[in-house]
Amino acid sequence: MTSKPDSPDQKPSFIEAVRRAQITECAIECIAEIGYVNASLAKIAKRADISTGVISYHFASKDDLIRAVIAHVMDTAVAYIQPRIDWSNPRAALRSGIEAVVAYYAAHRDYSLALLKINLAGGAGTPTEPYDPEIQERRQRVMREILAQGQEDGSFRPFDIGVMVAAIFGAFDTVPRKVAADPPVDLPAYGRELAELFDRATRAD
Amino acid sequence: MSLKKENSDQSKPGIVEAARRAQIIECAIETIAETGFVEASLARIAQQAGVSTGVISYYFDGRDALMRAMAAHVLTTVQVFIQPRVDLSRGPRAALQSALAAFVGATAAYPKHLVALWKIAMAGRLDLYPTDYRPMENARSRAFRNILEWGQREGTFRAFDMVSMVGAIIGALDSILMRLNAGQQFDVEAAGRELAEIFDRATRSDQT
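In order, the protein sequence lines correspond to chains B and W. Those letters in the first sequence? Residues 1 to 205, by our numbering. Those letters in the second sequence? Residues 206 to 413, by our numbering.
No lab work stands behind these hints, which were simulated from the structure alone. Take these hints with a grain of salt, some might be off.
So these bits of chain B aren't anywhere near chain W, every CB distance computed over 12 Å [unchecked claim]:
{"#": "1", "residue": "Asp49"}
{"#": "2", "residue": "Ala71"}
{"#": "3", "residue": "Tyr80"}
{"#": "4", "residue": "Ala189"}
{"#": "5", "residue": "Leu194"}
Some chain B residues judged to face chain W by a derived CB distance under 10 Å, without partners named [stated by the list, open to error]:
{"#": "6", "residue": "Asp160"}
{"#": "7", "residue": "Ala167"}
{"#": "8", "residue": "Gly170"}
{"#": "9", "residue": "Glu196"}
By construction, the Cβ of each residue, glycine as well, lies at the ideal position given by its N, Cα and C atoms.
All chains should be modelled from the sequences, with the hints used to inform the complete structure.
As structure tokens, then:
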């Protein structure tokens, strides 16, 4: 409880960032495998081959760690998706962006499982909310940009962007469940379906 | 733990008792919506209701029983709100639009109720829901699937994948609730109309 270095505002050093990332990855694997409730700090530490004290040094609590997990998944998603967006026009951008989100979850089964398990296990106040406004805002920025561009150049009709984004991200939140589905779902096809859905919902008449 | 008389179906409670039960349930809703499922202890709920914990125990056989009664109450309330608003008389398109407006309307009319219900699910306690609502394919998904299948059979709707469309609709409805829960200010009715437009365009066949 004494000289803790990382309040979120303070930039952690490189080594600290690496350590935090490593712990976060282990937490994801651990949660994906044994569930949110069972994934105690002790179990996560064991998997990372460090002492629980090291985790406590980097994260104030399990909640804090889970928040980092969610932020990590979302940020990795943004990094994966952005280069896959076809910016040739807003309709193409929307379609490719949506398909990339589904492809991202398909490529990161562990992340999908972890998100699902966190969501299903979380109580209130737990970080579970993928609805943390700051993370949401980061996730949604690119999509808002695409929609605004399309409205501006007339390829999209004049809908309410907030509601459209809510609908699109609502649909995205169903993807981890599809990834975990048994029997397996044809994920690329699911991506194309969602893309078609929102192309129709957005395009100008 | 003796002379307990909770059992809503068999022993019909008197008017005073029914009112007291309803009041406790409302306080449970408030408490969960504000503090969360785990934090909403009987003591807190009692405090909110301005009664002693003993009074709650008189009406409900423990916290789970109270939560169960609460979940059932919320679902019935919402159902009573929604059912007359879904217009099945003018074909699948009107049915879909009215159903979306009705669900969004319910979110606006009962935000705390629905947040409390959602927090139970998020706490992994779907077992507290009435049986019909527990599975992933719950009553709400089923209601939309029925309308969508009707439209596809008739050719009013295009041949989209059912799972993704239902998922997108449910996700969109939930995200409206989440935005309310996060304290965002927006015109909920207009959002309902926008969702109706979004899914009308997303579902209708190219001939219509």
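* chain W contact restraint on B:Asp160 - CB to CB distance below 10 Å -> This hint holds: B:Asp160 lies near chain W, its Cβ roughly 5 Å from the closest one there, short of 10 Å.
* Please verify that hint: B:Ala167, Cβ, nearest Cβ of chain W, below 10 Å or not. => 4 Å, holds
* Would you check whether the claim that B:Ala189 is not at the interface survives, using Cβ distances to chain W and the 12 Å cut-off? => About 7 Å separates B:Ala189 from the closest Cβ of chain W, which leaves it inside 12 Å; violated.
* Any Cβ of chain W at or closer than 12 Å to B:Ala71, or is the non-interface label fine? -> 17 Å, holds
* Is the shortest C-beta separation between B:Gly170 and chain W less than 10 Å? -> At 3 Å from the nearest chain W Cβ, B:Gly170 passes the 10 Å test, so the hint holds.
* To do: Evaluate the condition: distance from the CB of B:Leu194 to the nearest CB of chain W exceeds 12 Å.
  => Answer for B:Leu194: violated, closest chain W Cβ roughly 6 Å.
* Status of the hint placing B:Glu196 at chain W (closest C-beta pair under 10 Å) -> 7 Å, holds
* Is B:Asp49 truly not at the interface, in the sense that its beta carbon sits beyond 12 Å from all beta carbons of chain W? -> 29 Å, holds
* To do: Find the nearest Cβ of chain W to the Cβ of B:Tyr80 and say whether that gap is larger than 12 Å.
  => 20 Å, holds
Going down the numbered hints, you'll see the structure goes against 4, 5, while the others check out.
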